[in-house]
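Peer 1: Sequence:
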Amino acid sequence: MTIRYLSLFAVLILPRSGQAQQNPAKLETLKDKTLVVWAAPANLDQSGGSALTIDDQRQNFDGIVFGELAPARWMAGSNLFRRTNQNQKDVPPETADAKTFVQIAVVYKGREITILRNGAPISRYQGGEQQPFGSDSAAVLGLRHLDAADGACFAGAIDDARIYGTALTEAQIKALKPNAPSDPKPVAWWSFEDGKGEDAMNAFPPGRLNGKARIEAGKLVLDGEDSYFVTPPSAKVKTAAAPGPDVPEEFILNYHLMHPGAESMPGDPNAAIFLDGTYHLHYILAHPYRGRGSFSFVHVTSTDMLHWKWQTTKLQPSFTGHGMFSGTAFLTKEGLPAAIYHGQGAGRNFIAIAKDRAISAWEKPFPIEVKKADGTEVKINHWDPDCFLIGDTYYSISGGNNPPVLKSQDLKNWTLIGDFVRELPQNSVIGEDISCPNFFKFGDKWMLLCISHPMGCRYFLGDWDDKAGQFVPQKLARMNFERRDQSPWGVFNRTDFFAPESLLTPDGRRVMWAWVVSAGPGGKLAHKTIQSLPRELSLPADGVLRIRPLRELEGQRGAAQTLEAVKVARPVTGHTDRVPPSAAPQLQRIAELPGDSVEIRVTIPRAEAARKMFGFVLFADGKGGGLPIMLLPETGMLRVGTAEAPFAVAGLPAGEDVELRIFVDKYLVEVFANDRQAVLAAHLEQAGKRGLDAFTVGAPTTFKRVDIWPLKPTNEGFLDAQKNRVWEPKRK
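The opening residue of the sequence shown carries number 89 in the numbering used here; numbering runs sequentially from there.
Hint data in this document are derived by calculation from the structure and do not stem from the laboratory.
There may be inaccurate statements among the hints.
[Unchecked claim] Simulated restraints on C-beta separations: (1) K792 with D178: 50 to 60 angstroms; (2) D178 with K555: 24 to 34 angstroms; (3) P180 with G713: 38 to 48 angstroms; (4) R212 with I441: 38 to 48 angstroms.
Cβ atoms here follow ideal geometry from the backbone N, Cα and C, with glycine treated the same way.
Start from the sequences, fold in the hints, and give me the full structure.
Peer 2: As structure tokens, this is what we get:
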């Protein structure tokens, strides 16, 4: 997932005098507004800096950002892209050289946002809800915004920068001249003509120059290396802080893979591959590097995908020269493992090739450069990439609303083919992107396993058109399901199951993981970097995806507790009764779990399950608390907690019993239904509660069999990594 995580680190940077200055802006609240700047980019390959930003000092900002989502494109930057057009395909690239100043204006009128270059519109779209900026706001030139922990800064010169308290017309913008007054007057104006960083309108106090930023010949000059101008000078700029304490004991899981260090995000699993008896997996780790936040690929290995050992982190900014964002692993034609990924702040996707099949070291990464047939460079959206080999041709896709697909014979010379996806299925939602993509042959079909940032993990099934070099999807289905307490849209708002990655085992199984982002209430798990259980995916002749827990988990079982012919005899019958019931006798205790690391398998005869509303409550307290798991025949849904996923008993083949497999790992629960559906939930009030209760509605229900196994922990490597810490990246 390539998204800027901007609330990780915070430290106060004082003015050069060493004294904090308390001079707030004298700014009336802005809604409709116009940002205008005359700027000359030092180079067109830079990524993520801003020529002018207004920041409310509470993580919200609007800015004139260069090259963050697509090379050489100007865009309206905003917090979590809420007012940003993420599809940069139709925005023309900048062509000016370092000596040519261009006027860039961003006009905010209600939800309509227009970007103009030298008075001509280059992008117009409907953004998110307007963000007000008041008297406590800061202006930043160079740094994208105050919370930009990645430290991306604009490189170039700024001749004039202004903020208007109204949405200017095209004619008004065309009439503006640098270093000259205008009608209407701006609410803030920096011309740098007097060699000072002073706002001519006195809305902001004199600013602070940071790093090697300087004012020279009436221009603000920025080198792109942590140099920027900010006012008020007391504005807090976030930088990388030292990591906090490691995972508290109560959050340490028994058999899920999780990061052994301090809180961090993102935690995308990446670059998974099986080689010579060893499974390799990487995940993103955010960490301080040279005073700023950056990102590395932590490397773990296993022989069974359950017992993991942490290796020395090799793919880190001290080696690559940039942070690491999402990507995948593949084998080269020569049989060497390789990783493709997005270089944080570099504006490019990169490929790194391992020096050996043990992945003990890497060759220096190189960027993907796309050329036309005549050798000229093609500007594409560089985003979450994937690379795959079909025949003797490498293909690469780069994330976005409709990713471009490229081809190469040698990984160095790439040619643009066109759009990767021919046509999206009707149940895709306008505004969803395709990110964290993983594309592979799957039975007689092809699968695109991916996310959309606002709606989480999903997959497409379809065909590969070899002649066109294009994916033709026929089906889209979700693997992440909104809880009732979540928004229907938005990263972190409904993304419990996120950023998938998969590999092929030597016996032909396709196994996937996903990052458990917002499964816990209040984002309590978001920074823990927890991966889901490994899931086996298969596609039998009926065309229905099978999702089952990794079969190696069965080797962790202890002695079974088996209950047969379990009758839930006191159904809920009152039309106003609560479901699930809160207490006995309608809520019936059927077992006590043998610990906090458990597998439960429940088999219900088909005839008993037909048209029935029934289920279980894990961690029941007899007062209405606990985690409900239930089947809803009226909607054909499986509910776990408050999340509902499609699973209809009526849709099963005739004679097939219902089988639920429930995996409990302390507070994390994963439920698999007939290998056709899987739902994940977190319940953080589970401590000391081991009851497994059952209930039924309308009529008694008899379960054919209930098997309960304690599961042996697989976290020895995690506990060892908390001590040896070989995974820690360099900070300097």
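Peer 1: Work down the list of hints and note, for each, if the structure agrees.
Peer 2: Going down the list of hints, with the structure as the test:
1. A beta carbon spacing of about 58 angstroms between K792 and D178 agrees with the range 50 to 60 angstroms that was offered as a hint.
2. Checked against the hint of 24 to 34 angstroms, the pair D178 and K555 passes, with Cβ atoms roughly 27 angstroms apart.
3. The hint said 38 to 48 angstroms for the Cβ distance between P180 and G713, and at roughly 57 angstroms that hint is violated.
4. As the Cβ distance of R212 to I441 is approximately 42 angstroms, the hint placing it in 38 to 48 angstroms holds.
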